[in-house]
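Chemist: These protein sequence lines map, in sequence, to chains Y and S. The first sequence begins at 48 in the working numbering and counts up one residue at a time. The second sequence begins at 2 in the working numbering and counts up one residue at a time.
To be clear, the hints were calculated from the coordinates, so they are not data collected in a lab. Don't take every hint at face value.
Stated by the list, open to error - Derived DSS-like pairs (lysine-lysine); straight-line CA-CA distance at most 25 Å:
hint	chain 1	residue 1	chain 2	residue 2
1	S	58	Y	151
2	S	71	Y	85
3	S	72	Y	151
Given next are the chains, with one letter for each unit.
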Amino acid sequence: AQKVTQAQTEISVVEKEDVTLDCVYETRDTTYYLFWYKQPPSGELVFLIRRNSFDEQNEISGRYSWNFQKSTSSFNFTITASQVVDSAVYFCALSDATTSGTYKYIFGTGTRLKVLA
Amino acid sequence: NAGVTQTPKFRVLKTGQSMTLLCAQDMNHEYMYWYRQDPGMGLRLIHYSVGEGTTAKGEVPDGYNVSRLKKQNFLLGLESAAPSQTSVYFCASSYIQTQETQYFGPGTRLLVL
Numbered sequence: 048a049q050k051v052t053q054a055q056t057e058i059s060v061v062e063k064e065d066v067t068l069d070c071v072y073e074t075r076d077t078t079y080y081l082f083w084y085k086q087p088p089s090g091e092l093v094f095l096i097r098r099n100s101f102d103e104q105n106e107i108s109g110r111y112s113w114n115f116q117k118s119t120s121s122f123n124f125t126i127t128a129s130q131v132v133d134s135a136v137y138f139c140a141l142s143d144a145t146t147s148g149t150y151k152y153i154f155g156t157g158t159r160l161k162v163l164a
Numbered sequence: 002n003a004g005v006t007q008t009p010k011f012r013v014l015k016t017g018q019s020m021t022l023l024c025a026q027d028m029n030h031e032y033m034y035w036y037r038q039d040p041g042m043g044l045r046l047i048h049y050s051v052g053e054g055t056t057a058k059g060e061v062p063d064g065y066n067v068s069r070l071k072k073q074n075f076l077l078g079l080e081s082a083a084p085s086q087t088s089v090y091f092c093a094s095s096y097i098q099t100q101e102t103q104y105f106g107p108g109t110r111l112l113v114l
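Here chain Y stands alone, though its shape is the one from the complex (with noise of 0.2 Å):
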C-alpha cells in the first residue's frame, strides 16, 4: 500500500542554521510523483516542488534543496540558512496511478518547523 512517513514531528532551529526534513515513501508503482507543500501559519498550502519517479536528479532553489534517492525511497528537503519566515508545516506527498488509472495524493502527517530568532 503507498505510505508517506515523515517521522520528524517538530523541529526547532536557530535562524541561519541548516534544517532537513525528512520524507519515506511506500508505492508498489514504479511512475510516482513526489511533492513537497508548505502551510504556513495562514493555513493555505503552497506547493515547493514535484519530482516523477524517473528523475533523480537534486534541485535546488535559492536555499531550497530536495535530495530524491529511489533506493531509499527518500525525498529529502533542507532549507539552508533557515529564516523566521519558513517557519510553517511542510508536507510531503505522494502521487500515484490508482487500479483505475486516476491519480491520487498520499499526504504526510507533516513536520511543523520553527526557526526562532
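Chain Y is fixed; fit chain S onto it per the hints.
Modeler: For chain S alone, kept in the frame of chain Y given last:
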C-alpha cells in the same frame, strides 16, 4: 484567474445541522477533490470527481456527499454534522493531462459543536 476558491472560509455548525461547502475553479480542470485536514494526520481524501456528473469515494467518505453538476464546481455536503467532522477542508483540482499535480484552494475551517 482566481484558481481554486472555496466558500465559506469559516463556519460553525451545531450537531445535526446540514451545510454545503462550495469549491470553484476557473482553470477548466477535469478532476476535482475534497480533503480534510486534522491535527497530526495530514490531509485525507474524502471524495473526488474525474469529470462533470461523476464522483467517487476517497479514503474517508462516510458522512459526506458530493456533487459535480458543473465542471467548474464541486460541492461537499454534510447532511447531519457531527463533532468528528470538525476539520479544515481543502478542495483541489487538476488537469486530466497532468492529473498527478493538484492545485489547492485556501481551505474552509469547520467547527461542529
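Chemist: Determine for every hint whether it applies to the structure shown.
Modeler: We went through each hint and held it up to the structure:
1. With a C-alpha separation of about 12 Å, the suggested pair residue 58 of chain S and residue 151 of chain Y falls inside the 25 Å cut-off, and the hint holds.
2. Pair hint residue 71 of chain S plus residue 85 of chain Y does not hold up; C-alpha atoms about 30 Å apart against a cutoff of 25 Å.
3. Between residue 72 of chain S and residue 151 of chain Y the alpha-carbon distance is near 19 Å, which keeps this suggested pair within the 25 Å criterion.
When the structure is compared with the earlier hints, a violation turns up for hint 2 alone.
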